[in-house]
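Student: Residues per chain, in single letters:
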Amino acid sequence: MSTTTPAAHGGAAKIHVETIARVEGEGALHVRLKGGRIQDLKLEIPEPPRLFEAFLRGRRAEEAVDITARICGICPIAYQMSATHAIERAWGIQIDPQVRALRRLFYCGEWIESHALHIYFLHAPDFLGYQDALQMAVKFRPEVERALRLKKIGNEMMRVLGGREIHPVSVRVGGFYHVPSKSDLEPLVEQLKWALEASVETARLVTTLPFPDFQQDYEFVSLSHPDEYPLNEGRVVSSRGIDLDVSEYEDHFLEQHVRHSNALHSVLRERGSFHVGPLARFNLNYEKLPAVAQETARECKLEAPVRNPFRSIIVRAVELVFACAEALRLIEQYEPPPRTWTPYERRAGTGMAATEAPRGLLYHRYTIDENGLILASKIVPPTAQNLKRIEDDLWGYLPQILDAPVEEITWRAEQAIRNYDPCISCATHCLRVCVEREDDIR
Amino acid sequence: MKSEKHKPVVGIFKFASCDGCQLTLLDCEDELLAVAEAVEIRYFPEASSNMGKGPFDIAFVEGSITTHHDADRIQQIRRQSRLLVALGACATAGGIQALRNWKDSAEFVRMVYAKPDFISTLKTSTPVAEHVPVDFELRGCPVQKTHFLEVISALLIGRRPQLPSAALCIECKRQGNTCVLVASDEPCLGPATQAGCGALCPAMGRGCYGCFGPHENANAPALAERFRADGMSEADLQRSFRMFNAWAWQFRKVSEEVATR
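Chains as they are written, first to last, in my numbering: chain A, 1 to 442; chain B, 443 to 703.
If you are wondering where the hints come from, they were derived from the structure by calculation, not from laboratory data. The reader is advised that the hints may include incorrect statements.
[Unchecked claim] Once the Cα atoms are required to be at most 25 angstroms apart in a straight line, the calculated BS3-like pairs of lysine-lysine come out as:
#1 B:K557 <-> A:K42
#2 B:K695 <-> B:K545
#3 A:K288 <-> A:K193
#4 B:K557 <-> A:K378
#5 B:K449 <-> A:K139
#6 A:K42 <-> A:K14
#7 A:K288 <-> A:K301
#8 B:K495 <-> B:K449
#9 B:K447 <-> A:K139
#10 B:K565 <-> A:K378
#11 A:K193 <-> A:K182
#12 B:K557 <-> B:K545
#13 A:K14 <-> B:K545
#14 B:K545 <-> B:K565
#15 B:K695 <-> B:K565
#16 A:K193 <-> A:K34
#17 A:K14 <-> A:K34
#18 B:K495 <-> A:K378
#19 B:K447 <-> B:K495
[To be verified] Counterexamples of contact, computed for chain A against chain B with all Cβ distances above 10 angstroms:
#20 I20
#21 R22
#22 E24
#23 L41
#24 E63
#25 F121
#26 P187
#27 K193
#28 E228
#29 R240
#30 H257
#31 Q333
C-beta atoms are modelled at their ideal positions from N, C-alpha and C, and glycine is treated no differently.
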């Protein structure tokens with residue numbers, strides 16, 4: 001790749017990132033520049049389609065909990081949660097409050113693991129000029145070790161509650177197959193206390209990173225719950241006044257199929273792209289964060305609404321603080337449920353649910369027949385909802401840096417993509433980067 | 443550099459999959475930095491922007507082959523790798539996406555995508571070994587990190603990796619779990635499934651769903667008979683063998699026999 005600047009060649013260049021690294025799954029970015037302007041920009045998603053919605057037909061609704069987990073090894077609990085809640089809704093199952101609390105604790109484990117992984121392993125290297133966290137470890141060994149320990153604690157929570165961290169096996173329609181005793185959870189307390197401190201340190205650390213001056217007027221979308229920072233429950237709300245029951249989601253959001261992507265692009269019917277994930281959650285639910293997370297946000301000079309997507313790394317750290325504090329609270333208040341799962345009868349119906357995966361809102365819908373078999377399903381992962389928004393960010397951001405060498409444009413473009421912690425495996429149930437200057441520079 | 447000795451060059455490659463098996467490596471929190479010192483991880487796009495070229499001493503391959511492009515890519519990876527290790531149910535058996543192998547995959551694509559002509563995909567999802575010779579297979583959906591580490595350490599010192607090959611029942615009994623099949627007629631694929639997960643499901647009182655795939659001497663038809671005797675419908679029987687290792691031959695065969703009944 002050339003280090004010549006586009007300006008030196010009449011502003012024509014191609015930027016091509018064949019495989020976008022440090023994202024889950026395969027993506028590519030093509031940018032074509034001419035006369036110092038972007039001619040074309042596409043986030044390509046060549047990750048092979050896996051066709052979940054097709055083969056779910058004819059499966060038992062209960063099986064969707066374990067099958068859809070396989071859409072994503074990074075956030076299987078998110079899939080298990082959205083699936084089970086959608087099916088419970090279709091069948092009118094009320095879960096016990098203790099089961100609800102335990103699911104929330106389970107989800108906190110996934111948030112801790114996923115956010116620690118993204119902050120330190122996938123995103124921080126962009127800001128610091130490293131190719132990966134292992135290279136970073138040479139100079140920042142204590143920080144990388146802290147990341148590993150944080151990740152491990154999230155994983156440990158998932159192991160205690162689900163048997164294993166990737167594709168855990170304890171969740172079932174109506175509740176859990178198995179629930180922990182109070183004493184099973186006790187060893188987590190000391191670890192989580194350390195994790196809470198480490199998360200606050202993480203927030204302080206990432207606040208010192210250099211942030212590009214870039215803001216967008218996003219429409220943020222997330223769940224919102226009257227009493228708590230959203231995980232498993234809430235209405236779908238947006239910063240421009242959307243306030244829906246989850247069952248109305250598809251009336252307002254639709255998925256479009258574009259040629260360059262094996263992941264569908266979501267848009268808001270009237271207004272186009274929108275933004276889901278930590279930034280959206282934080283901006284729409286700031287007052288629901290526990291005091292320690294709010295204090296951390298204040299210390300890091302984060303004030304909702306945050307509109308600079310690069311600062312999402314700080315927001316993720318604040319959410320780490322939240323997840324640790326919330327987990328500690330849930331463990332302290334934990335009483336094993338009177339029954340591990342609520343008995344139910346299978347019946348024909350349709351159920352929708354949305355939960356907050358680490359990357360943002362994850363929507364599932366199942367239509368089930370009278371025998372309990374799936375007739376139709378729809379799964380809208382957070383990355384599919386963000387894809388169009390990521391492209392829009394690049395259209396907005398790249399013109400600011402077009403005077404830079406192609407190498408740097410490419411680096412910064414990838415960094416901007418990673419603001420969203422995209423999970424391409426999810427989105428295709430979709431990254432590679434290519435900046436292309438016409439009048440080839442060679 | 444502590445030593446000038448050649449470090450084995452490792453590549454981690456992804457095909458159709460959920461990324462969970464390669465995440466397993468990053469989940470080796472206590473060992474990751476040591477592994478990274480013992481080997482040269484030259485290609486691991488999920489974790490690093492440094493995407494070096496082969497040849498590789500060990501290629502770890504996650505995912506199944508579902509596109510023409512991927513069918514070519516696995517050949518290239520094989521050509522430049524001394525050892526090729528297939529990671530997990532997708533790479534060793536085609537994964538859950540192999541359910542398309544019994545269906546009209548064109549219809550599947552039409553069902554999921556509004557403009558099916560944009561999509562290029564094969565009719566089948568197949569394991570790596572159907573395309574190139576595989577030196578070693580790590581089972582599981584996902585693989586176990588202890589197995590991953592065992593393979594890396596064994597290959598580093600030049601011995602054969604030692605991994606469980608018996609039925610899950612052996613592992614389950616050793617843990618002292620109550621048999622869910624015998625005690626509560628809970629359909630459990632344990633007798634036909636390879637050990638390795640730690641009998642997680644029976645330990646939680648649920649039947650095994652076979653995520654480690656069939657063990658070598660699995661008598662899947664006999665297990666199917668037992669499920670029938672407990673009143674399981676043919677359709678449920680077929681579904682129970684058609685999960686994450688549906689295309690593994692023992693599970694495939696018994697599920698096809700069910701289909702013809």
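Student: A separate judgement is required for each hint: does it hold in the structure or not?
Tutor: Structure-based check of all given hints:
1. B:K557 <-> A:K42: holds (18 angstroms)
2. B:K695 <-> B:K545: Since the Cα atoms of K695 of chain B and K545 of chain B sit roughly 16 angstroms apart, the hinted pair holds (cutoff 25 angstroms).
3. A:K288 <-> A:K193: holds (21 angstroms)
4. B:K557 <-> A:K378: holds (17 angstroms)
5. B:K449 <-> A:K139: With a Cα-Cα distance of about 22 angstroms, the restraint between K449 of chain B and K139 of chain A holds, given a limit of 25 angstroms.
6. A:K42 <-> A:K14: Satisfied, since the Cα-Cα distance of roughly 12 angstroms is no more than 25 angstroms.
7. A:K288 <-> A:K301: Satisfied, since the Cα-Cα distance of roughly 18 angstroms is no more than 25 angstroms.
8. B:K495 <-> B:K449: Since the Cα atoms of K495 of chain B and K449 of chain B sit roughly 15 angstroms apart, the hinted pair holds (cutoff 25 angstroms).
9. B:K447 <-> A:K139: holds (23 angstroms)
10. B:K565 <-> A:K378: This hinted pair holds, its Cα atoms lying about 22 angstroms apart.
11. A:K193 <-> A:K182: Between K193 of chain A and K182 of chain A the Cα gap is close to 17 angstroms, so the pair holds against 25 angstroms.
12. B:K557 <-> B:K545: Between K557 of chain B and K545 of chain B the Cα gap is close to 19 angstroms, so the pair holds against 25 angstroms.
13. A:K14 <-> B:K545: violated (41 angstroms)
14. B:K545 <-> B:K565: Within the cut-off at roughly 9 angstroms; holds.
15. B:K695 <-> B:K565: holds (19 angstroms)
16. A:K193 <-> A:K34: violated (54 angstroms)
17. A:K14 <-> A:K34: With a Cα-Cα distance of about 9 angstroms, the restraint between K14 of chain A and K34 of chain A holds, given a limit of 25 angstroms.
18. B:K495 <-> A:K378: violated (39 angstroms)
19. B:K447 <-> B:K495: holds (20 angstroms)
20. I20: It is violated; I20 of chain A is separated from chain B by about 8 angstroms at its closest Cβ, not greater than 10 angstroms.
21. R22: violated (6 angstroms)
22. E24: For E24 of chain A, whose nearest Cβ neighbour in chain B is about 5 angstroms away, the distance does not exceed 10 angstroms, so it is violated.
23. L41: holds (18 angstroms)
24. E63: violated (7 angstroms)
25. F121: Per Cβ check, F121 of chain A is inside 10 angstroms of chain B; nearest 6 angstroms; violated.
26. P187: holds (16 angstroms)
27. K193: Non-interface label stands for K193 of chain A: nearest chain B Cβ at 18 angstroms, farther than 10 angstroms.
28. E228: Given that every Cβ of chain B is farther than 10 angstroms from that of E228 of chain A, nearest at about 27 angstroms, it holds.
29. R240: At roughly 26 angstroms from the nearest Cβ of chain B, R240 of chain A sits farther out than 10 angstroms, so the non-interface label holds.
30. H257: Check fails; 4 angstroms does not lie beyond 10 angstroms.
31. Q333: Nearest chain B Cβ is 23 angstroms from Q333 of chain A, so the label holds.
Hint violations for this structure: numbers 13, 16, 18, 20, 21, 22, 24, 25, 30, all remaining hints satisfied.
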